[in-house]
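The opening position of the first sequence corresponds to residue 1 in this note's numbering, with each subsequent residue numbered one higher.
Treat the hints as calculated values from the structure; they're not laboratory data.
Some clues are possibly wrong.
Unchecked claim - In silico lysine-lysine, DSBU-like type, Cα no more than 30 Å apart, as pairs:
| id | residue 1 | residue 2 |
| --- | --- | --- |
| 1 | K202 | K217 |
| 2 | K104 | K479 |
| 3 | K235 | K353 |
Claimed, not checked - Derived Cβ-Cβ restraints for the label pairs, each shown as a range:
| id | residue 1 | residue 2 | range |
| --- | --- | --- | --- |
| 4 | S8 | G627 | 23 to 29 Å |
| 5 | E242 | P188 | 20 to 26 Å |
| 6 | T463 | S8 | 19 to 25 Å |
| 7 | S4 | T717 | 44 to 50 Å |
| 8 | T94 | G181 | 19 to 25 Å |
| 9 | T463 | C180 | 25 to 31 Å |
From the three backbone atoms N, C-alpha and C, an ideal C-beta is built for every residue, glycine too.
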Amino acid sequence: MPRSYDPSTIESKWQKRWEDAGVYKTDLKKAKDPYYGMMMFPYPSGDRLHIGHWYSYAPADSYYRFMRMHGKDVFEPMGFDAFGLPAENHAVKTGVHPDASTRKNVDTMILQLKRMGCMFDWSRMVNTSTPEYYRWTQWLFLQMYSHKLCYHKEANVNFCPSCQTVLANEQAQDGTCERCGTTVVQKPLTQWFWKITQYAEKLLKNLDGLDWPEKTKTMQRNWIGRSEGVKFKEKIKDLNIEVEVFDTVPQTFLAQTFTVIAPEHSLVEKLIQGTSHEKPVQEFVEYIRKKKAGNRFNIQTDMEGIFTGRYIENPFGTGDLPIWIASYVVADYGTGIVNCSAHDERDFAFAKKYGIPLKLAMVPPDAELRAKVENFEVAYCKAPDGILIDPPELAGKTWHHARNEIIDYIEEEGFGTRTVHFRLRDWLVSRQRYWGAPIPIVYDPEGNPHPVPEEHLPWLLPTDVEFKPTGKSPLYYSKEFRERTEKIFGKGWTPEFDTMDTFVCSSFYYLMYLQSEGHGMKMESKKMKAESLVDPHMEKTWMPADCYVGGAEHACMHLIYARFVMMALKDFGFVSIEEPFKKVVHQGTITHKGAKMSKSRGNVVSPDAFVDRHGSDVFRMYLMFTGPYTDGGDWNDAGIKGIDRFVFRLFRLFEEKLEKGNKGDKGNKGLKGLPAATMSKLHATIKKVGDDIAQLHFNTALSALMSLLNELEKEETIPVDVGQTIAKLLAPLAPHLAEELWEMTGGTGFIIDQHWPAFDPKLLKSDTMTIVVQVNGKLRASMEVDAKASKEEIIAAAKEEENVKKYIAGGIKKEIYVQGKLVSFVAES
RNA sequence: GCCAUGGUGGCGGAAUGGUAUACGCGCGCGACUCAAAAUCGCGUUCCCGUAAGGGAUUGAGGGUUCAAGUCCCUCCCAUGGCACCA
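Generate the whole structure from the sequences, applying the supplied hints.
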C-alpha cells in the first residue's frame, strides 16, 4: 500500500532526528567556510508566533539552507529581544512579574519556532533580559562612558504621556509615540545620551559599500541628513551675546535683511528680559508651544512670528537685522537661529506677512521674471542659473557656479567659516521604565555621576518594585537597590534609576551569539572569564554577518544603532571591522484585509491552524509562493490548496513511480532513463531553481518545480538519481519533505548535507527548437525546426508556412532572424 | 509638495527589447462515486467563428523599433519613505 503524505508524522520524525544528531549545531571554531545567516530576533510577546514571524524566518531559513548545500558552514542563531514595554504593561495589568511572563513566553516561542523546522542553533540562543546578557549591555554603557561617547544632560526630551517614558527621536518620528501612537510632548529631564553624531560622517560614508536595499540606504542618508554650509558668528546689539548662524545657501548672504529664532530657543528669554517685548513674546511662545503639542504643525497655514525688539549687529555692513521669533524655525537643527533673505520661500512669505523689508543678491536671466522678482512679487530661490549682483566682486556669476568662491570670500572677509551639519541627533538611551537593563551609574552625595565598576556587573535589576508608570522610574521605589548602592559605595550614594532603551540591547546581539563562553555563563560565578565582549578570533571568523533578514521598519533605528555600536567597538579595540551586516534583506509586509496585522485592528491571522492542518513545509512554501519575497502581500488562504496538491502529488510520484531496487546515492552522474525532452526540462529546472533561490525569488523557484512535476507525472518510472536530484532541489524549500523523499530514494545521511545539484549546460538545449514567424510585427506561424538548421534554411521554411505566404505575397522588404527565436518579415505594402 | 517603487486575466502573480498571461487559485465540462469530498482528464485573457483563423489586450495618451509589459516623453492612480532642517 503506498503511503500518502502525512505532515505531522513526517515533520516530527525529522525534527527529532535533526535534534538527536545535532545537525544544526555549528562548531564555530572549526568552521572552514563560515556563513553567518541572521534574522531579526523576536520580542517574546504573550501572543503566539504570527504570520509576520513566519514570513521573515522561514524563507530566510530556506535561503540559508541553500547556502549550506553550497558547502557553507552556516550558523543560524536565534534569540529573544526580551526587555521592553509590553511585559511591563502586562505586569501592571495582571501583577505577573515581567521576568516570569517573559520566561514563559520565551519557552512557548521556542517550541513554536522548533516546529517551524529552521536550522536554528539553539545552543547559542540569547535572551537580552537575563543578567548574563545585560551584563554586557551594561559593559557597553561603561565603554561608551569611559570613551566619552556617553554624556549626561538636561534637555527637552520627547515624552510619551501614555507610556510615561522618554523616546529617542527615532521613536517619535512624526510627533507620536512609535509604540502607542500618543502625541509626544516635550519635557525637560536629565538624561543619558550616546554620541552617535560623532559617527555621522562614517555612518554615511560606509553606506556606499554595503549590499543593502537602496531604499534603506537612502532612508539612512536622509536620517543622517548631512548638509554643508557656512557658520556665521554674529553679535546681538546692546547685549554682550555672540551667536552662530548656519546657512547652507550662502551665495545670497548679502540679501539677508532679518533674523529668525525658534520659539523654544534658550536665547529667547535673554533677548526680551526686562524689555517691553517680554510679555507679548512670552505669550506668543506659549501659544506656539500649545499649538505644536496639539497636533502637527503646518508650515503653510501656521507661519507666525513676533518681533523681539533686538537686532543682529551690522554683520556685513548691510545694516542691522531685526530678530524675529518664527514658528517655522527648528530649535535643534543648526543653531536654531537663521538669517533670512528674499531668496528663500519661507523667509520671503514671512517677510511679506509681517512687512519686513527685503533686498536681492541675485536675479534671474529671464527679463520678464526678473521684473517680477525685482518687484518682490515672487521669491527667487536656489536657482542654478540665477545671476549674482552682490557682492560686487562676484557679480555676474551664476548661483550654481559661485558657491565655492562665495564661501572662500566669506572666509577671507572673516564673516564665517565652512561647516557641516547633520540632522542626526545623539541617541537618548535613558528610559524611566522597569523592564530594561539598569544604567550602571551611581551618584555621590553631591549628585555627581560615577560609573559602576566592572566587577559589580551585572548590576542587577532589583525585584522589589511597583511597575505602575508614575513618570518616575520604578527603580526609584526599590529599597534593595538603594541599600545595595549604599553598601557598596557608601552612605548617601544613590543609584541611577533609569534603565536603557531596548535598542541598546539589540545593538550588539550579533556578537553575543558568538561569545566564546556561550550563554551558559553562570552569574554567581565570580570569575566570569570573558574579559571582553567577543573572542577576537571568533569575531574575525564570523563578522560581518553575511546576511541579515528582517523588517524594513528598522531602517532608521535598529539598523543605524547597530552600525554605530560596531564602529564604536572597533575604535575601542574590541572588534576588527566597522560594519556588522554585509547584506540586508527586508521581507515584505503581510497584510490582512489591506491593513497591517495588529491586535487593535483585530485582523491578526494565526499560523497555528494552518500549520496543524497542512504542516510546516506546506505553510512555508505557500508563503513563499504567493509572490516576490520583498513585496509581501495580503494574506489569503485560498491558494494553500495548490501547495497541498503539489506536495501530495510529489509524494505520490515517489511512492508509485520511483525506480525500485538499485537504490543508493549515485550523485548527479548518469541521469538516464528519461526522454531527452524531459532530461532537458530537468536540467533547466536545476538551473532555474538555483538561480532563483540565490536571488530570494522563491515564488518562481517553486513554480519551476511544479512545472517539472507536471512533466514527470507523464513518465512511467522515475530513475533513483532523478528522484534524488528532485529531493535536493526541494531541500531548502521543504526541509522535512525533502528528507523523507531522500530517505525513500535510499540516500544516506541528511539531505541538508548533500551538495546542491549541478546542471549540464549541454542538456539545456533540445535537438529541435521552436521558431516563430512574424510578418509586420504580427505573429503568423510557429514551426519546429532542427536545432542545427541554418539561418537560410529557417528563413526558407518560414516563407513556406501556409499562414505566412498570404501575408508576404506582395514581396518582402526586410528579413530578420533572431537566433533560435524568431523570423520577422517586413512585407512590401 | 518632494523622492522611490509599482499598475499585466475573476484572483496571487510570470515574462535577458523577441510566442504576453508561465505556475497556482478559482471557475466550467467530463471520468470515478448511490452521493459528496478527494483524485484524475479536458478547457479557461476578451470579442467574432463549429473549426481553421481573425481582431483586441499589460493604468491613459504619444514616441523610438522589423518587434515594446519591458526603452523615451506627458498624464492618471496606488503603495512606501521624506516633508518648517535655513
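Checked hints:
Our distance criterion of 30 Å between C-alpha atoms is met by K202 and K217, whose separation comes to about 13 Å. Straight-line distance between C-alpha atoms of K104 and K479 comes to about 27 Å, which keeps the hinted pair within the 30 Å bound. Pair hint K235 plus K353 holds up; C-alpha atoms about 26 Å apart against a cutoff of 30 Å. Roughly 28 Å separates the CB atoms of S8 and G627, a value that falls within the hinted 23 to 29 Å.
For the pair E242 and P188, the supplied restraint of 20 to 26 Å holds, since their beta-carbon distance comes to about 25 Å. One distance hint, 19 to 25 Å for the beta-carbon pair T463 and S8, is violated here, with the actual separation near 41 Å. Distance hint check for S4 and T717: the Cβ-Cβ separation is about 20 Å, which falls outside the suggested range of 44 to 50 Å. The hint said 19 to 25 Å for the Cβ distance between T94 and G181, and at roughly 23 Å that hint holds.
At about 26 Å, the beta-carbon gap between T463 and C180 stays in the expected band of 25 to 31 Å.
In terms of the numbered hints stated before, the structure departs from hints 6 and 7, listed from lowest to highest.
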